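Novice: Listed here are the chains, written in short residue letters.
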Amino acid sequence: DGGITQSPKYLFRKEGQNVTLSCEQNLNHDAMYWYRQDPGQGLRLIYYSQIVNDFQKGDIAEGYSVSREKKESFPLTVTSAQKNPTAFYLCASSIGQGETEAFFGQGTRLTVV
Amino acid sequence: ILNVEQSPQSLHVQEGDSTNFTCSFPSSNFYALHWYRWETAKSPEALFVMTLNGDEKKKGRISATLNTKEGYSYLYIKGSQPEDSATYLCAFPLYNTDKLIFGTGTRLQVFP
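Chains as they are written, first to last, in this note's numbering: chain A, 1 to 113; chain B, 1001 to 1112.
It is worth saying that the hints were derived from the structure and are not from the lab.
Do not take every clue at face value.
[Claimed, not checked] DSS-like mimics (lysine-lysine), calculated; alpha carbons at most 25 Å apart, straight line:
1. B:K1099 x A:K57
2. A:K9 x B:K1042
3. B:K1059 x B:K1042
4. A:K71 x B:K1099
5. A:K70 x B:K1099
Since the structure is predicted, the reported quantities are computational estimates derived from the model, not experimental observations.
Bound conformation, chain A alone:
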C-alpha cells in the first residue's frame, strides 16, 4: 500500500538535546512538507522540499533543520535552539505544484521533559 509513514508516534526529549523525526513516503511524490500544530492553532509550515537535494524554509523554520537526500525521505531535526519544541508534528507529501492534494502521515507528538 502506498502511503506516508512517520516515526515514532511519541517522542520524549530532554532539554538541550537534538532529536530527529522520520518521514518516509512511497507515493513517488516530489514535494514533501513538515508542519507543526500547537493547541488551538492550525498547521504552521516549518520546511518544505520541492525536489531531492533542495528545501525551503517555511514560516517557523528557526530551531529546525531538514535534509532531502532521497526522494522518499524528509527527516526533521528539532535542535536545542528551538525554544518551544513540545508540539504535534505532521509530515505531508504531494505530487507538487499545488494543484493536487497533499497526503499526511499519522504525526509525531514530541514532548520535552
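Given chain A, work out where chain B should sit, using these hints.
Specialist: Relative to the frame of chain A, chain B by itself:
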C-alpha cells in the same frame, strides 16, 4: 507571512442542522485552494482541490464554492451527522511554488 483565515474557529450544531464556514485567502496570484477534513486520532484527508473561479464541488453532503476574485471559499455541510465532527482546514498553495499554507481551521462538533 501569507494569511489564510478561517471562520468561525469552532462550531457546535445539532444533528440534522446544515452548516457552513469560510476560508479567506489572498486574491492575487491565485493558484488553487484545498479543503481537508481532520478527524481526531487520524491524519488530515483532502476533500476538494479547487482551481477555477466560480467552481463548485460536492462530495456526498459536503460541498464547496470558490470566489477567487474576492478571495474566499465556503464549505457547506447539509444535514450534519455526528461523524462529520472534525476540524476542517483550508490550504493555499503559493503561486508557482510548492509552498502550501494552511488556515487555522474550523472545529465542528455535531451533537446527536
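Novice: Look at each hint and say if it fits the structure.
Specialist: Outcome of the hint check:
1. B:K1099 x A:K57: Holds: B:K1099 and A:K57 sit about 9 Å apart, inside 25 Å.
2. A:K9 x B:K1042: Holds - the C-alpha atoms of B:K1042 and A:K9 are around 12 Å apart, at most 25 Å.
3. B:K1059 x B:K1042: 20 Å, holds
4. A:K71 x B:K1099: Judged against 25 Å, a Cα distance of about 17 Å means the pair holds.
5. A:K70 x B:K1099: 19 Å, holds
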